[in-house]
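Novice: Below, each chain spelled out in residue letters.
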Amino acid sequence: EDQVTQSPEALRLQEGESSSLNCSYTVSGLRGLFWYRQDPGKGPEFLFTLYSAGEEKEKERLKATLTKKESFLHITAPKPEDSATYLCAVQAGNYGQNFVFGPGTRLSVLP
Amino acid sequence: DGGITQSPKYLFRKEGQNVTLSCEQNLNHDAMYWYRQDPGQGLRLIYYSQIVNDFQKGDIAEGYSVSREKKESFPLTVTSAQKNPTAFYLCASRKGNYGYTFGSGTRLTVV
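Heads up: the protein sequence lines correspond to chains U and Z, in order.
Mapping of the first sequence onto the working numbering: position 1 corresponds to residue 1, and the numbering continues sequentially without gaps.
Mapping of the second sequence onto the working numbering: position 78 corresponds to residue 78, and the numbering continues sequentially without gaps.
Quick caveat, the hints were computed from the structure, so don't treat them as lab data.
Built from N, CA and C at the ideal position, the CB exists for glycine as well.
Incorrect hints may appear among the rest.
Said to hold, decoys possible - Computed from the model, here is a short list of chain Z residues facing chain U with C-beta under 10 Å: (1) 4; (2) 33; (3) 35; (4) 40; (5) 41; (6) 43; (7) 90; (8) 97; (9) 101; (10) 107.
Build the full structure now, drawing on both the sequences and the hints.
Specialist: See the structure below:
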């Protein structure tokens, strides 16, 4: 069964304290891995798509990387406005139009 | 600006009542989706539609119904057969092989 897990479940950082979030997946035929940011009471906002192992994408303080088994979302020198839940989703060959979402990591950045 | 509009933002349902959640998009996307989000769980697919007048069941379609009479609109009805409807409902659309664009969500509560 295709699965996506994320760790940690919750993470508290001090402003400026860099860290990484993990997304591990077991799917048949990865077609794409997606990262989203979700603020409380709102819909997820697209961040990155990664398609193949070794690929990296960056946006401001965020950098996403991909291996054959997992993806990391690195947060460098975070600010309080980076506080949100970060969702990972994979699109597998067997699912076509469907994605499998992880439960998310709830990030809190304290000033 | 293009986007997805979900309404209402909050909805209350009485026992035995059907309620309909609205989703409209002006992105000219062909595919539209309904997801349910519960605390601590990944998003779960309820229904999706790739073209007008056609839709498919997702992983948790029981107790829900949809229609796709126009490209822009994909309403979701939560029927009385859905025994645990309290959740955050997200509508999304997608063009080609890109990631989802999500609406801002509807929070449904049973009273």
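Novice: Per the CB criterion, is residue 40/Z less than 10 Å away from chain U?
Specialist: holds (6 Å)
Novice: Can we keep the residue 41/Z interface hint, with Cβ of chain U closer than 10 Å?
Specialist: holds (6 Å)
Novice: Using the nearest Cβ pair, does residue 33/Z come within less than 10 Å of chain U?
Specialist: Residue 33/Z check passes; min Cβ-Cβ to chain U is 8 Å, inside 10 Å.
Novice: Would the hint on residue 4/Z stand, with a C-beta cut-off of 10 Å toward chain U?
Specialist: holds (8 Å)
Novice: Residue 90/Z was flagged as interface toward chain U. Is the shortest Cβ-Cβ separation under 10 Å?
Specialist: holds (5 Å)
Novice: Does residue 97/Z hold up as a contact with chain U if the rule is Cβ-Cβ below 10 Å?
Specialist: Because about 7 Å separates residue 97/Z from the closest Cβ in chain U, which is inside the 10 Å limit, the hint holds.
Novice: Against chain U, is residue 101/Z within 10 Å by beta-carbon distance?
Specialist: Holds - the Cβ of residue 101/Z comes within 10 Å of chain U, reaching about 7 Å at its closest.
Novice: Should the interface hint for residue 43/Z be scored as holding, given a Cβ-Cβ cut-off of 10 Å against chain U?
Specialist: holds (4 Å)
Novice: Per the CB criterion, is residue 107/Z less than 10 Å away from chain U?
Specialist: The hint holds - residue 107/Z has a Cβ within 10 Å of chain U, the shortest such distance being about 7 Å.
Novice: Does the closest beta carbon of chain U sit nearer than 10 Å to the beta carbon of residue 35/Z?
Specialist: It holds, given that the least Cβ distance between residue 35/Z and chain U is near 8 Å, below 10 Å.
Taken one by one, the earlier hints all hold for this structure without exception.
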